[in-house]
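> Here's the letter readout for the chains.
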Amino acid sequence: MGQQFDSATFGMWVFLLTEIMFFGGMFGAYTVYRSMYPEAFAATSNFMNPAFGAANTAVLIVSSLTMALAVRAAHLGHQKVLQMMLVFTMIFGAAFLVIKGFEYHEHWEQLKVPLFASHWAWDGPLAPPQYAHQAQILFIFYFFMTGFHALHMVVGLGIMTTIFVMARRGKFGPSYYTPVEVSGLYWHFVDIVWIFLFPLLYLIGHTKQLF
Amino acid sequence: MSTQPVTPVRTYVVIWAILTILTFTTFYVAQIDLGPFNVVVALVIAAIKMSLVIWFFMHVRTDNPLTKLFVFAGFFWMAILLALTLGDYFSRTWMPGGKFW
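Those protein sequences? They're chains A and B, same order as listed. Read in order, the letters of the first sequence correspond to residues 1 to 211 in my numbering. Read in order, the letters of the second sequence correspond to residues 1 to 101 in my numbering.
Quick caveat, the hints were computed from the structure, so don't treat them as lab data. Keep in mind that the hints are not guaranteed to be accurate.
What follows is a list of derived Cβ distance ranges for each label pair [to be verified]:
| hint | chain 1 | residue 1 | chain 2 | residue 2 | range |
| --- | --- | --- | --- | --- | --- |
| 1 | A | Phe22 | B | Tyr89 | 14 to 24 Å |
| 2 | B | Leu82 | A | Met1 | 36 to 46 Å |
| 3 | A | Ala29 | B | Phe75 | 17 to 27 Å |
| 4 | B | Val40 | A | Ala95 | 24 to 34 Å |
| 5 | B | Ile21 | A | Gly173 | 32 to 42 Å |
| 6 | B | Pro8 | A | Met26 | 28 to 38 Å |
| 7 | B | Asp88 | A | Gln79 | 51 to 61 Å |
| 8 | B | Phe75 | A | Lys171 | 24 to 34 Å |
Cβ coordinates follow ideal geometry from the N, Cα and C atoms, glycine included.
Model the full assembly from the supplied sequences, consistent with the hints where possible.
Spelled out as structure tokens, the structure:
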């Protein structure tokens with residue numbers, strides 16, 4: 001059983017490394033474009049709200065804590081604690097998506113969604129007209145990176161629901177909790193992606209000088 | 001039976017507290033203009049946070065050497081991907097923006 005557990009963990013890490021490559025490609029492309037148009041990027045960051053980003057980082061870190069405690073409870077066979085921690089994890093995960101939704105709504109209202117011509121405008125004192133095109137590229141990066149991350153969160157919530165149902169049926173205990181551990185790895189990985197998205201998309205551009 | 005030892009709750013809570021403190025640190029430091037070090041500080045803090053999550057929350061600390069090696073190799077591979085891509089772009093003189101180094 002120990003070897004099965006190790007194999008499952010190892011297999012999950014193989015999957016997570018493909019995920020690292022998936023997000024790594026986007027981070028690489030983002031870095032190239034940001035270094036090509038540093039001033040344009042600094043201008044777009046004036047339309048990001050770091051308070052949303054920071055709140056979401058805090059929410060995700062708490063969800064990672066409850067996830068780690070859920071795995072621990074499963075390992076020890078504490079059924080009630082396991083179910084409670086899974087519910088907490090799902091609540092924090094859902095809270096992340098709700099905050100993200102409010103944020104997307106703000107971009108929609110401020111006409112900062114270049115995917116929709118009717119919801120894109122680049123004017124006002126914070127939007128120098130010479131960056132009109134580059135700003136669109138960088139907003140597309142923003143929406144794709146946060147969008148794929150949010151998609152992973154939705155998938156994570158689905159996984160957690162499954163694990164919760166299995167936990168309710170008493171499937172897990174000290175001798176078998178591999179699904180909880182492996183789902184936890186996925187959940188923490190999604191947290192790690194956000195740990196990098198937060199400073200790159202919200203913080204660095206906020207002060208003027210880049211690179 | 002799993003070979004994984006049980007980590008005390010206190011360890012998890014301490015790691016969570018450190019992660020939260022680092023989040024607030026990076027948030028406030030970002031409001032100070034450190035010039036080119038803005039990027040460096042933000043990414044170093046993010047890397048520390050990532051390492052804490054991987055080492056403690058994801059239990060790599062107690063995983064077997066094969067998994068440890070594999071996790072390290074994965075990040076090393078991504079470092080190669082980023083280094084060669086950026087090395088190519090940043091060594092071209094025709095790029096807009098110009099001053100990369």
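> If a hint holds in the structure, say so; if it doesn't, say that too.
Evaluated hints:
Phe22/A and Tyr89/B have their C-beta atoms about 20 Å apart, which keeps the hinted 14 to 24 Å range intact. Hint check: Leu82/B to Met1/A, Cβ distance near 39 Å, so the stated range 36 to 46 Å holds. Distance hint for Ala29/A and Phe75/B: a CB-CB separation of about 19 Å, consistent with the stated range 17 to 27 Å. The hinted window of 24 to 34 Å between Val40/B and Ala95/A holds, with their beta carbons roughly 31 Å apart.
About 35 Å separates the C-beta atoms of Ile21/B and Gly173/A, a value consistent with the hinted range of 32 to 42 Å. One distance hint, 28 to 38 Å for the beta-carbon pair Pro8/B and Met26/A, holds here, with the actual separation near 37 Å. Taking the beta carbon of each, Asp88/B and Gln79/A are about 54 Å apart, inside 51 to 61 Å as hinted. A hinted range of 24 to 34 Å for the beta carbons of Phe75/B and Lys171/A is consistent with their spacing of about 33 Å.
Hint compliance for this structure: every hint is met.
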